[in-house]
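Build out the structure end to end from the sequences listed, making use of the hints.
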Amino acid sequence: MAAAQELTPTSYIGHHLTFFQHPVGEGSFWTLNVDSFVTAVLLGFVGVGFLWWVVRGATSGVPNKRQAFVELACEFVDNQAKSMFQGDRKFIAPTALTVGVWVLLMNAMDFLPVDIVAWFTHFFAPHGFRIVPTADVNTTFALALSVWLLMIYFSIAVKGLGGWIHELFCTPFGSNVLLWPANFLFNLVEYVSKPLSHSLRLFGNMYAGEIIFLLLWMMAGVGLVGAFFAVLFGFAWAIFHILIVLLQAYIFMMLTIVYISMAHESH
Amino acid sequence: MEKLQLIALVQAYTGVGIGLMVGLGALGACVGVGIMCSRFLEGAARQPEMIPALQAKVFLLLGLIDASFIIGLGIGMFFAFANPLLGALG
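Chains as they are written, first to last, in our numbering: chain U, 1 to 267; chain B, 1 to 90.
No wet-lab data here; the hints were simulated from the structure.
Just so you know, not all the hints are guaranteed correct.
[What the hints assert, rightly or not] Derived, one-sided and incomplete: chain U residues facing chain B with beta-carbon distance under 8 Å:
hint, residue
1, Ile13
2, Gly14
3, Arg89
4, Tyr207
5, Leu247
6, Gln248
Every residue gets a Cβ at the ideal spot worked out from N, C-alpha and C, and that includes glycine.
In structure tokens, the structure reads:
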């Protein structure tokens, strides 16, 4: 959206889908999406910082509204963890709360109109700046792979390394040596599909939501009729997207709890 | 002209592919959600006191059932705006 460049539909959408990148090494793997990274870290500090600040000033007497809100959130997450996992929730519930709050804040960045944000970010990122970290595959994969590593860690911690390897090769079909490849393949599919679906679900929802917003706003540039319908559909889609933002954060949190609690089970 | 024909070919097939991805995905997702919600309504009619507990599960399952469709939608959008097949043509 630089003044010198002609504004076509493809260039408008392409501009809004361009990351603000910075290479830290050779090749595209080592190109950092600075916008996703910085926004995610800032939102992490905001979210966890808010929780820490409220807890620091917490009283056991009559709580003020901030404390009541945080207590509500913590109790909600704890109830979800309690329903899924019957063991010691000391690690799983705070993990779920952190993941839930962080993903919710990152998703909520989708509420800000991209063109208005672009007024400010154009000063240091003329080619594009994407403010929704979870619309970046890298962020969602980072979260999902962290949960995956936790899953493997808890599997090994609860069952022991030998027990885990035994489970990999001997469930669910049986411990006959001939069945080992079948068992391993089955478990491999499960282990690969969990982080993949976990991350791509969140990414797909946020990315598709952003694309639909961009397409609607492109329609608004067509003429008076286009603007009228864009406002109408944009309003409807924005309200639906509020539900999607909350729902996807909730689903991500629930699946974190489910995967980590499943790692504690032994077959 | 030869290059243009190739580009047109790739774009045409990509368009059809995106349509199939989104359409068939939507078909599966909508039928699945319809079945799940009909069971929820049935259960809610039999036991109204279970409605809050079931409703929470309904929303969770909604997101899970929609997952493959949304992933397909994301891949479709990726092909629509940053088609790698077109990029391979040069």
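For each hint, the structure was consulted:
| no. | hint | verdict |
| --- | --- | --- |
| 1 | Ile13 | holds (6 Å) |
| 2 | Gly14 | holds (7 Å) |
| 3 | Arg89 | violated (18 Å) |
| 4 | Tyr207 | holds (5 Å) |
| 5 | Leu247 | holds (5 Å) |
| 6 | Gln248 | holds (6 Å) |
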